[in-house]
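Asks: Listed below are the residues making up each chain.
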Amino acid sequence: MVGGKSPGERLFYLLNAAIMVVIMVVTVYPFWYALISSLNHGADLQHGPVFAWPRSFTWASWRTVLADPGLLQAAWITISRTVIVTVVSILYTAMFAYAFSRPYLKGRRWYMAIGFTSMYFSGGLIPSFMLMNWLHLYDSYWVYILPSLFSGFWNVIIFNANYKAIPDALFESAKLDGASEFAIFFRIVLPLSKPVLAALSIFTAVGIWNDYGTTLYFTQSEHLQTLQYMILKLLQTSSAVEQLSSSAALSNPSISQLLALAQGNGEITSQTIELASMVIASIPMIIMYPFAQRFFIKGVLLGSVKG
Amino acid sequence: MKLAKEKPAGTLAGRRKGYALQRDWRTQAELLIMLWPAVALIVVFNFFPLFGLLMAFKDYDPISGIEGIFTSPWNRFENFTMIFHDFQFWPMVRNTLGINLLGSLVGIPVTLGFALLLNEIVSAKFKSLIQTVTYLPHFLSWVIYGGLFITLLNPQGGIVNYVLTELHLVDKPIQFLADPHYFWGLAITTNLLKDIGWGAILYLAAMSGIEQSLYEAAAIDGAGRFKRMRHITIPGILPTLMILIIFAVSGMLNNNFTQIYVLQNSLNMQASQVIDTYVYQIGLLQFQFDAATAIGLMKSVLALVLLVGANYASNKLTKSGLF
Chain A
97 MVGGKSPGER LFYLLNAAIM VVIMVVTVYP FWYALISSLN HGADLQHGPV
147 FAWPRSFTWA SWRTVLADPG LLQAAWITIS RTVIVTVVSI LYTAMFAYAF
197 SRPYLKGRRW YMAIGFTSMY FSGGLIPSFM LMNWLHLYDS YWVYILPSLF
247 SGFWNVIIFN ANYKAIPDAL FESAKLDGAS EFAIFFRIVL PLSKPVLAAL
297 SIFTAVGIWN DYGTTLYFTQ SEHLQTLQYM ILKLLQTSSA VEQLSSSAAL
347 SNPSISQLLA LAQGNGEITS QTIELASMVI ASIPMIIMYP FAQRFFIKGV
397 LLGSVKG
Chain B
157 MKLAKEKPAG TLAGRRKGYA LQRDWRTQAE LLIMLWPAVA LIVVFNFFPL
207 FGLLMAFKDY DPISGIEGIF TSPWNRFENF TMIFHDFQFW PMVRNTLGIN
257 LLGSLVGIPV TLGFALLLNE IVSAKFKSLI QTVTYLPHFL SWVIYGGLFI
307 TLLNPQGGIV NYVLTELHLV DKPIQFLADP HYFWGLAITT NLLKDIGWGA
357 ILYLAAMSGI EQSLYEAAAI DGAGRFKRMR HITIPGILPT LMILIIFAVS
407 GMLNNNFTQI YVLQNSLNMQ ASQVIDTYVY QIGLLQFQFD AATAIGLMKS
457 VLALVLLVGA NYASNKLTKS GLF
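First to last, the sequence lines map onto chains A and B. Just remember that our numbering sits 96 ahead of the position in the first sequence, which is counted from 1. Just remember that our numbering sits 156 ahead of the position in the second sequence, which is counted from 1.
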């Protein structure tokens, strides 16, 4: 870019950098606040919040959360469904997209019609609920798996755009050598599509990891709870207690004292437990996404520019 | 577009002939095997539920099960009239439209402004640091991100109220979550903060596609920074902007259930009940399957109308649209 170094220019750069720093702080601070509060002594927090660093450091809340058998069960459900759905749905979708991208596929426009219909029309919540019941998926582990095994026609379009970048000559010579469609897909197409596979796998994994709707709509057993759903329950219970105590505080201070006691007054309080579980449940995503960044930027770009 | 260039021009002569040879049954069978898992999943989990839409026009009793969808008596538009007369209906429509409309009016310009400013950062390292940091909330779930704000805004010991009280800006803590007055602002702000970095990706991609020579020529002609933004960058990203506006318009009735449900509670209900939470409430909590399906159907039809309408308007006004 052409640009002199006039005072005006310099002022602009300075201001701009300052704005960016403010935006960064605002986006990250809530998470940082949760982290330091969860590592702080619970009762100490009631004298006033921590700002930049824990005042009296303790692992107590983290230890309590990590020792909770309910949480381990939920973690197991969450991890296993994330892995299974990501692997299988990306495979099924990539495979569908490959067959769909072949110009010699018979009835191609029918598959296109099916795909676009599935994108724009859906029965909505209640018909899906009835379907899950009818298939005996309601309140079963499989409700986390089966309905998600195809990751949507939008991803097919993105895969399709990527496959177009593979030189036709590769397909032709493989065909002339007598390679089957499976061999072409697994030996040529998949190895050449690593960036898009990575990007879409990450999107799928994040979506499944963060999903709580399936648990809310289609399950009721405690042993099927996911991490996100457990935290949601924690939030809802404690916010109910807080509302009660804040409305009670207006009318009767001694009752609010009692409620504050009930919320915990030692090293661990309901608040630090909540925050610790929120931080712990987001660690996998936070560790993963910076590494994956170059892939998903490619993925988003392809979806927008080419799709 | 860059990728398309890498594709060599037809190297093998008689390519069409070569492909014609592949129209044999074996190839087709193999392709079919690759297609069927996805097709089966679409048919079962996408198409079967479409039959359920019949319930919208029927007097359906949940006890009658799946057969009931087909056997229960038609009641024309009674489910729809019943919803219109529900006391929750108009507040719910107001909340849905209000949160979405204000959210887009604030969110689109702010995200665009952020992208424009980010584009002016010269240091590549600083730029990528800003991007990495601002993507963070996009990868947190709404349970966690919403939960963080519930904690920050807590009237007892939450940092926001603590600071406000210490600075004597307020006499007593603000009930951000219990007072319906704050709900729209809360929903819009948290949504903006969560996705400002992520939303900027698309604009940045469009900006990187603009010819650098245009900027150089403009600079030589004496155009300042803001003139260049106004006359080169904005027109260059207009197609992207239009697509995002079309999506925003067609999603006008579609609230983010995952977000709203986390922030909702019984005290802010009058400002936080939106179509999606209402469907959940009357459908899965009160078992009024027919009414819940009716309102879901109404929403999808209107969303489709909005999509087509917005696309038409965009094509007319800016000669660029989604289809």
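No wet-lab data here; the hints were simulated from the structure. Don't be surprised by glycine CBs; every beta carbon is placed ideally from N, CA and C. Take the hints with a grain of salt, since some may be wrong.
To be verified - Per the computed footprint, the stretches of chain A lying under chain B, defined by three or more beta-carbons under 8 Å from a beta-carbon of chain B, are:
| id | region |
| --- | --- |
| 1 | 195-205 |
| 2 | 224-235 |
| 3 | 296-307 |
Stated by the list, open to error - Result set (EDC-like, lysine to aspartate or glutamate): computed pairs, CA atoms no more than 16 Å apart in a straight line:
| id | chain 1 | residue 1 | chain 2 | residue 2 |
| --- | --- | --- | --- | --- |
| 4 | A | Lys271 | B | Asp215 |
| 5 | A | Lys271 | B | Asp180 |
| 6 | A | Lys202 | B | Asp180 |
Claimed, not checked - Derived Cβ-Cβ restraints for the label pairs, each shown as a range:
| id | chain 1 | residue 1 | chain 2 | residue 2 | range |
| --- | --- | --- | --- | --- | --- |
| 7 | B | Pro229 | A | Tyr200 | 48 to 58 Å |
| 8 | A | Lys202 | B | Phe240 | 46 to 56 Å |
| 9 | A | His319 | B | Glu322 | 37 to 47 Å |
| 10 | A | Tyr216 | B | Phe240 | 38 to 48 Å |
| 11 | A | Ile180 | B | Ser476 | 19 to 29 Å |
| 12 | B | Thr227 | A | Tyr200 | 41 to 51 Å |
| 13 | A | Ile115 | B | Leu253 | 30 to 40 Å |
| 14 | A | Ser317 | B | Val262 | 36 to 46 Å |
| 15 | B | Met454 | A | Gly303 | 21 to 31 Å |
| 16 | A | Val183 | B | Leu253 | 35 to 45 Å |
| 17 | A | Ile115 | B | Pro395 | 20 to 30 Å |
| 18 | A | Ser317 | B | Ile390 | 49 to 59 Å |
| 19 | A | Ile115 | B | Phe403 | 24 to 34 Å |
Asks: Work down the list of hints and note, for each, if the structure agrees.
Replies: Verification of the hints:
1. 195-205: holds (count 7)
2. 224-235: With 6 residues close enough to chain B, the hint holds.
3. 296-307: holds (count 4)
4. A/Lys271 x B/Asp215: Given pair lysine 271 of chain A, aspartate 215 of chain B is violated - Cα atoms ~58 Å apart, limit 16 Å.
5. A/Lys271 x B/Asp180: Between lysine 271 of chain A and aspartate 180 of chain B the Cα gap is close to 12 Å, so the pair holds against 16 Å.
6. A/Lys202 x B/Asp180: Distance ~10 Å between lysine 202 of chain A and aspartate 180 of chain B Cα, so the pair holds.
7. B/Pro229 x A/Tyr200: 48 to 58 Å: holds, 50 Å
8. A/Lys202 x B/Phe240: 46 to 56 Å: Check passed, 49 Å falls within 46 to 56 Å.
9. A/His319 x B/Glu322: 37 to 47 Å: holds, 45 Å
10. A/Tyr216 x B/Phe240: 38 to 48 Å: 26 Å Cβ-Cβ, so the 38 to 48 Å window is violated.
11. A/Ile180 x B/Ser476: 19 to 29 Å: At 41 Å between Cβs, range violated.
12. B/Thr227 x A/Tyr200: 41 to 51 Å: For threonine 227 of chain B and tyrosine 200 of chain A the Cβ distance comes to about 46 Å; the hint holds.
13. A/Ile115 x B/Leu253: 30 to 40 Å: Given about 31 Å between the Cβ atoms, the range holds.
14. A/Ser317 x B/Val262: 36 to 46 Å: Hint holds: Cβ distance 41 Å, inside 36 to 46 Å.
15. B/Met454 x A/Gly303: 21 to 31 Å: holds, 27 Å
16. A/Val183 x B/Leu253: 35 to 45 Å: holds, 41 Å
17. A/Ile115 x B/Pro395: 20 to 30 Å: Hint holds: Cβ distance 27 Å, inside 20 to 30 Å.
18. A/Ser317 x B/Ile390: 49 to 59 Å: holds, 53 Å
19. A/Ile115 x B/Phe403: 24 to 34 Å: Holds - the Cβ-Cβ distance for isoleucine 115 of chain A and phenylalanine 403 of chain B, about 27 Å, lies within 24 to 34 Å.
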